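Chemist: If you want the building blocks of each chain, they are given just below.
6 protein chains.
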Amino acid sequence: MNNLGIVKRTVRRADATAVDKLARFGVATVHEAMGRVGLMKPYMRPIYTGAHVCGTAVTILLQPGDNWMMHVAAEQLREGDVVVAACTSDCEDGFFGDLLATSFRARGARGLVIDAGVRDVKNLTAMQFPVFSRAINPKGTIKATLGSVNIPVVCAGALVHPGDVVLADDDGVVVVPAEFAQQAADAAEARERREVDKRAKLAAGVLGLDMYEMRETLEKAGLKYLD
Amino acid sequence: MNNLGIVKRTVRRADATAVDKLARFGVATVHEAMGRVGLMKPYMRPIYTGAHVCGTAVTILLQPGDNWMMHVAAEQLREGDVVVAACTSDCEDGFFGDLLATSFRARGARGLVIDAGVRDVKNLTAMQFPVFSRAINPKGTIKATLGSVNIPVVCAGALVHPGDVVLADDDGVVVVPAEFAQQAADAAEARERREVDKRAKLAAGVLGLDMYEMRETLEKAGLKYLD
Amino acid sequence: MNNLGIVKRTVRRADATAVDKLARFGVATVHEAMGRVGLMKPYMRPIYTGAHVCGTAVTILLQPGDNWMMHVAAEQLREGDVVVAACTSDCEDGFFGDLLATSFRARGARGLVIDAGVRDVKNLTAMQFPVFSRAINPKGTIKATLGSVNIPVVCAGALVHPGDVVLADDDGVVVVPAEFAQQAADAAEARERREVDKRAKLAAGVLGLDMYEMRETLEKAGLKYLD
Amino acid sequence: MNNLGIVKRTVRRADATAVDKLARFGVATVHEAMGRVGLMKPYMRPIYTGAHVCGTAVTILLQPGDNWMMHVAAEQLREGDVVVAACTSDCEDGFFGDLLATSFRARGARGLVIDAGVRDVKNLTAMQFPVFSRAINPKGTIKATLGSVNIPVVCAGALVHPGDVVLADDDGVVVVPAEFAQQAADAAEARERREVDKRAKLAAGVLGLDMYEMRETLEKAGLKYLD
Amino acid sequence: MNNLGIVKRTVRRADATAVDKLARFGVATVHEAMGRVGLMKPYMRPIYTGAHVCGTAVTILLQPGDNWMMHVAAEQLREGDVVVAACTSDCEDGFFGDLLATSFRARGARGLVIDAGVRDVKNLTAMQFPVFSRAINPKGTIKATLGSVNIPVVCAGALVHPGDVVLADDDGVVVVPAEFAQQAADAAEARERREVDKRAKLAAGVLGLDMYEMRETLEKAGLKYLD
Amino acid sequence: MNNLGIVKRTVRRADATAVDKLARFGVATVHEAMGRVGLMKPYMRPIYTGAHVCGTAVTILLQPGDNWMMHVAAEQLREGDVVVAACTSDCEDGFFGDLLATSFRARGARGLVIDAGVRDVKNLTAMQFPVFSRAINPKGTIKATLGSVNIPVVCAGALVHPGDVVLADDDGVVVVPAEFAQQAADAAEARERREVDKRAKLAAGVLGLDMYEMRETLEKAGLKYLD
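Chains E, L, X, R, U and W, in that order, give the protein sequences.
First residue of the first sequence? That's 1 in this note's numbering, and the numbers climb one at a time after it.
First residue of the second sequence? That's 1001 in this note's numbering, and the numbers climb one at a time after it.
First residue of the third sequence? That's 2001 in this note's numbering, and the numbers climb one at a time after it.
First residue of the fourth sequence? That's 3001 in this note's numbering, and the numbers climb one at a time after it.
First residue of the fifth sequence? That's 4001 in this note's numbering, and the numbers climb one at a time after it.
First residue of the sixth sequence? That's 5001 in this note's numbering, and the numbers climb one at a time after it.
Some hints here could point you the wrong way.
PhoX-like, lysine-lysine: derived pairs with alpha carbons at most 20 Å apart [claimed, not checked]:
#, chain 1, residue 1, chain 2, residue 2
1, E, Lys122, X, Lys2041
2, R, Lys3198, U, Lys4143
3, U, Lys4008, R, Lys3220
4, E, Lys143, U, Lys4220
5, E, Lys143, X, Lys2224
6, X, Lys2143, L, Lys1220
7, W, Lys5041, R, Lys3122
8, X, Lys2220, E, Lys143
9, W, Lys5224, R, Lys3143
10, U, Lys4224, W, Lys5143
11, U, Lys4041, W, Lys5122
12, W, Lys5143, U, Lys4198
13, X, Lys2143, R, Lys3143
14, U, Lys4143, L, Lys1143
15, U, Lys4220, X, Lys2220
16, E, Lys198, L, Lys1143
17, E, Lys143, X, Lys2198
18, R, Lys3220, L, Lys1143
19, W, Lys5224, R, Lys3008
20, W, Lys5220, R, Lys3143
Selected chain E positions facing chain X (Cβ under 10 Å, derived; list incomplete) [claimed, not checked]:
#, residue
21, Arg9
22, Ile47
23, Leu100
24, Arg119
25, Thr125
26, Leu146
Rough simulated footprint, nothing fancy, chain U against chain R, three-plus residues with beta-carbon under 8 Å [to be verified]:
#, region
27, 3020 to 3031
28, 3165 to 3174
Since the hints were made in silico from the structure, they are not lab data.
If you're wondering where the values come from, they're calculated on a predicted model, not measured in any experiment.
We treat Cβ as the ideally placed atom computed from N, Cα and C, and that holds for glycine.
Whenever a hint applies, use it, and build me the whole structure from the sequences.
Modeler: Dropping the structure here:
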């Protein structure tokens, strides 16, 4: 039953074309396109304004105060991956800094999403290495206890399987299961196209009340206008 | 007793000249000038550095996870308004994004203050549409339950009546009752004038201890200097 | 037993050369160099990106909602000091703004670290006066109750003695006891030198697994690779 | 505009018979009967299991770390009142203990609802003096700054006018505007009566799906049953 | 990709004998026996001291402020089930009270684990219906939007599949995957047996240092004893 | 500079008679008697109602997720001690359960104060072993990294030296420096004596306004009574 101490080497990554297409859309759009599922909790924030990343998940399950598995994960990275790190209990230590970022980037990683703390944010920003975390913390970690790499993890409330698409921007982080990557990208594209027209109408002063034909439903629901 | 399902169309907005004058001062200054009342809780933060807004409140009472009333409120907006949205229970969903911002702006709104979450912050920043919120969250909302528009609401701990002046900047958000707008603006102006002189003295090395004549009071209170 | 109502005028400040040397390193580096001690809690954040300060602590123990001791502390400042303010109970009022910053700077202070709230952040940013705080809040304070100046305080979970070195950057805040300032600076320098080489190797694609010789230990700990 | 430093001696208290009737119902029932308004935030908790209170509000606006107004309020109490204390900024100091409880009870108060901390909870429990607070904290307060008594306050997110009915039990705290006290009591009674029958049906195994006739609406909404 | 609007009727429940055996052990013991996995976050607390439940999960995915799916789930309950309710976004409304508890019990449920709020806790306690929740809140909910029943959910950070064993007591909540129920129960039993002997030795004054033979490892790790 | 990996065997414990005397008073009383210093943060709560402990501190500095030092500390315990455990970073794992309680009690400990989580609370309650913690959590810990025993620690915001008196009850936790134990006990006794008389007066309906002669000061401060 124990899922600790395991490194899964084979990962079925989402299709690269679908990942690239998803990268063109915002997190809010993709989340809507998927039917409003797959979001991480809103406490996950970028370490610098404008951080943006999209790639296939290499997952890590960390132990509190211990980043040993980060090094194990580095070897499993491929071009286009995003590291997704969860922890067995809430811990805001700084599990990750610019040395690991240098290593991850050299091995192909596009960024990091971690339900814990990170440090060296000035250097990470200078490197433009996108990181989404729950905290910034100079507190270092040890390397003493086994976690796992590339098992399914719950990260900031979202279930992530290795190979899933992880998309993060200023709004937050969304996870797209690998098998739905193409479908989600297509739905996001369709949604974005529809919004162009809506935006133009709203900019021209048309009301959502009319554009979405809400007046009748509101009246039925009992809305009363008073002077 | 129920205040849900109501849209008040007539709002006594604060005097436009007073609003414009208040817009020249910082939130901290106005809060002091009013006798230290009217602040929202400090968890209300701008979505981008430098966001600043001052206008008359159009209020919304939202239901958790439901932004239907946003569309109803759009119709009630006039040039110079700021939308103030409270929720019947704590909810950090993303009730507002760039489409609604486009609509609100087209109808005259200067910004949004919302005790909940918003999304599309990259676009909102590009639009320079000032938003002050408790969270950023890509999670969308539904349109199913009635709240109200232009009733008095408690937003982030502050009571806001429709038509009150709402002023927000990097420090936070303050509410000025419509009937006190001119008085508050004048008091803020007077306060700011007095600070110019103080600032010069302090910059020259004069101590607050001397400038404010605190030494005697401190001694009476029992302050002891040790070497 | 009571430590309230006291101003200690004589402070044994850390050696200035050591302070200047420490100023060249990041908080994470110094924290590591000291053996991973001395950090404040990660809720302490800079009020603007890039804020950085290093200096000798003048400490203040504040009462909730009362910044009287700020003015008392101003007189005790010397060139190169950093004000470190703790509070007898958690309070996020705005204890500090641009007037006090002007005074502190005129008296030699390099910045402020405060386990409470501050205001006027727009002006403080324009002044480039570095402040690290737990909150931003326009709410003002009174001047009615004695606290103390230059007694040992617990600030954001860290024990600070007057004269200790306080170093703060985008990662957080670390306290170096005055007597260890030189030793910590030397250790930080040594650590940073070692990292140059490591960074180069990692950038070239060498794995931490190999560079730190972790493979054997991981195997002993029971790590299993699956396909 | 300033509402500090004021004691309002005349309070229009809710009708005593209506208060007594409301006292028979739970907070959840009254909240529902009123149309789901009037609740304080759920962080307000009783200091002992089973605490229950219903009475007319005498309101206090406190300053952080200062309970002076508690003593001022004691003189304004009448038989059947409940003290409702808000604070100008978030503060969890212990503003209230068994001495004040003794005084309040002697002057007619039935309990306390305070958006701050209290202490002496062992004695308060022994006295069976019901208190609902956001924190328990031995930290004492001073008596130095004016707040107000019997002005409208926002307490834990709810607007409370002096004389309103305040009802609190293990579920939380609800405020009933004085003018709606009788109406709310009647509605609560009606609601409770209806629930007797529902409870019996549900206990017999009838499903809410059938009792509330939800099946058709669920199907229309698109609910799909899979095997 | 959308998992909303679905009710799965067929659930592979964990073996009843294994469930009954697991019910004899504490959450901490089972969590250890499983290799330290499967816990919900520690903010999940029982609504009354001594609450204890063990059963097979019927899962619900709720929408914020909407408990419609609770009624849908009632029909899917069998003798020995525990309802596990997650929400698509953080919401502390009171989704559950004594009427639903009456219905759930009548349909065979042993208790509720909900990552949201509940109400009527006095009655629920009188019924001895065990509930573990993140909040207590009298605020009611609506019935307007589809969620799902018996899909895999992430509840308070733990992944729960329908049919998994859910065990909760004063320490917290643990989830045992259905296929490991027997194995976990056996491991828990073995662990508890071993603890009897340890407890006796420790009670007699034997040190863990000796019983677990830690002295040598501590010395190797560099522990220094000073006088 | 490093204070990790150290066990101090010699502790100057507070005088036993003073400790016994302090044990007779509540935390709020002792805190007041000391001049309002020495409190831990109010998030420290007893694991059962009525828990009460007073003794001399044996301190532990733990690493996150690691309770190794608990076993090292057990050997340093003497009759009358209270274990005070801090952690190098915030961690709510369950560092302590009934086995360690059995060991601690057998070695003379009266209770535990820990700025982290504990588990087995049902058994700890049955043992009536008083524990004050920030969390309850079944999550276990490892034994891999050195912390320290009997060094000064900051626990929940309070500085604790080995040998200091630690007093905890339903209100919270207060630390009395060993050298002030007798003085604090005497001051607490004097304070409690004075309160007897005050309580009688207040119970008879005398107002604090009169008993503490506040009316003149309030008037000077500008308090206004309105009808």
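Chemist: Take the hints in turn and mark each one as holding or not.
Modeler: Hints and how they fare:
Of the supplied pair hints, the one linking lysine 122(E) and lysine 2041(X) holds, its CA atoms being roughly 19 Å apart against a limit of 20 Å. A distance of roughly 17 Å separates the Cα atoms of lysine 3198(R) and lysine 4143(U); the hinted pair therefore holds under the 20 Å criterion. For a cut-off of 20 Å, the pair hint linking lysine 4008(U) to lysine 3220(R) stands: about 18 Å separates their Cα positions. Distance hint between lysine 143(E) and lysine 4220(U) is fulfilled; the C-alpha atoms sit about 16 Å from each other, no more than 20 Å.
This hinted pair checks out: lysine 143(E) and lysine 2224(X) have alpha carbons roughly 17 Å apart, not beyond 20 Å. With a CA separation close to 13 Å, the supplied pair lysine 2143(X) and lysine 1220(L) stays within the 20 Å bound. In summary, the hint linking lysine 5041(W) to lysine 3122(R) is supported, as the alpha carbons are separated by about 19 Å, within the 20 Å threshold. Of the pairs offered as hints, the one joining lysine 2220(X) and lysine 143(E) holds, with about 13 Å between alpha carbons and a cut-off of 20 Å not exceeded.
Restraint check for lysine 5224(W) and lysine 3143(R): the C-alpha separation of about 17 Å stays at or below 20 Å, so the hint holds. Pair hint lysine 4224(U) plus lysine 5143(W) holds up; C-alpha atoms about 17 Å apart against a cutoff of 20 Å. In summary, the hint linking lysine 4041(U) to lysine 5122(W) is supported, as the alpha carbons are separated by about 19 Å, within the 20 Å threshold. This hinted pair checks out: lysine 5143(W) and lysine 4198(U) have alpha carbons roughly 17 Å apart, not beyond 20 Å.
A hinted pair counts as satisfied when its Cα atoms are at most 20 Å apart, and lysine 2143(X) with lysine 3143(R) qualifies at roughly 13 Å. Of the supplied pair hints, the one linking lysine 4143(U) and lysine 1143(L) holds, its CA atoms being roughly 13 Å apart against a limit of 20 Å. A threshold of 20 Å between alpha carbons decides the hint, and for lysine 4220(U) with lysine 2220(X) the separation of about 17 Å falls inside it, so the pair holds. Restraint check for lysine 198(E) and lysine 1143(L): satisfied, since their Cα atoms lie roughly 17 Å apart, inside the 20 Å limit.
With a C-alpha separation of about 17 Å, the suggested pairing of lysine 143(E) with lysine 2198(X) holds against the 20 Å cut-off. At most 20 Å may separate the alpha-carbon atoms for a hinted pair to count; lysine 3220(R) and lysine 1143(L) meet this at roughly 16 Å. Simply put, lysine 5224(W) and lysine 3008(R) have alpha-carbon atoms about 8 Å apart, close enough for the 20 Å limit, and the pair holds. Taken as a hint, the lysine 5220(W) and lysine 3143(R) pair is honoured in the structure, with Cα atoms around 13 Å apart against an allowance of 20 Å.
Against a cut-off of 10 Å between C-beta atoms, the interface hint on arginine 9(E) holds, since the closest Cβ of chain X lies about 5 Å away. Contact between isoleucine 47(E) and chain X, as hinted, is supported at the beta carbon level, the nearest pair being about 9 Å apart and thus within 10 Å. Satisfaction of the interface hint for leucine 100(E) is found here, the shortest Cβ-Cβ separation to chain X being roughly 7 Å, below the 10 Å cut-off. With 10 Å as the threshold, the beta carbon of arginine 119(E) comes within range of chain X, its nearest partner Cβ sitting at about 4 Å, so the hint holds.
For threonine 125(E), the interface hint holds, since its Cβ comes within 10 Å of a Cβ in chain X; the closest pair sits about 8 Å apart. Hint on leucine 146(E) holds. Least Cβ distance to chain X is approximately 5 Å, under the 10 Å limit. Residues of the region 3020 to 3031 of chain R with a Cβ under 8 Å from some Cβ of chain U number 4, which satisfies the need for three, so the listed coverage holds. Note: the region 3165 to 3174 of chain R has 5 residues with beta-carbon separation from chain U under 8 Å; the three-residue rule is met and the coverage holds.
Hint check: no violations occur; every hint is consistent with the structure.
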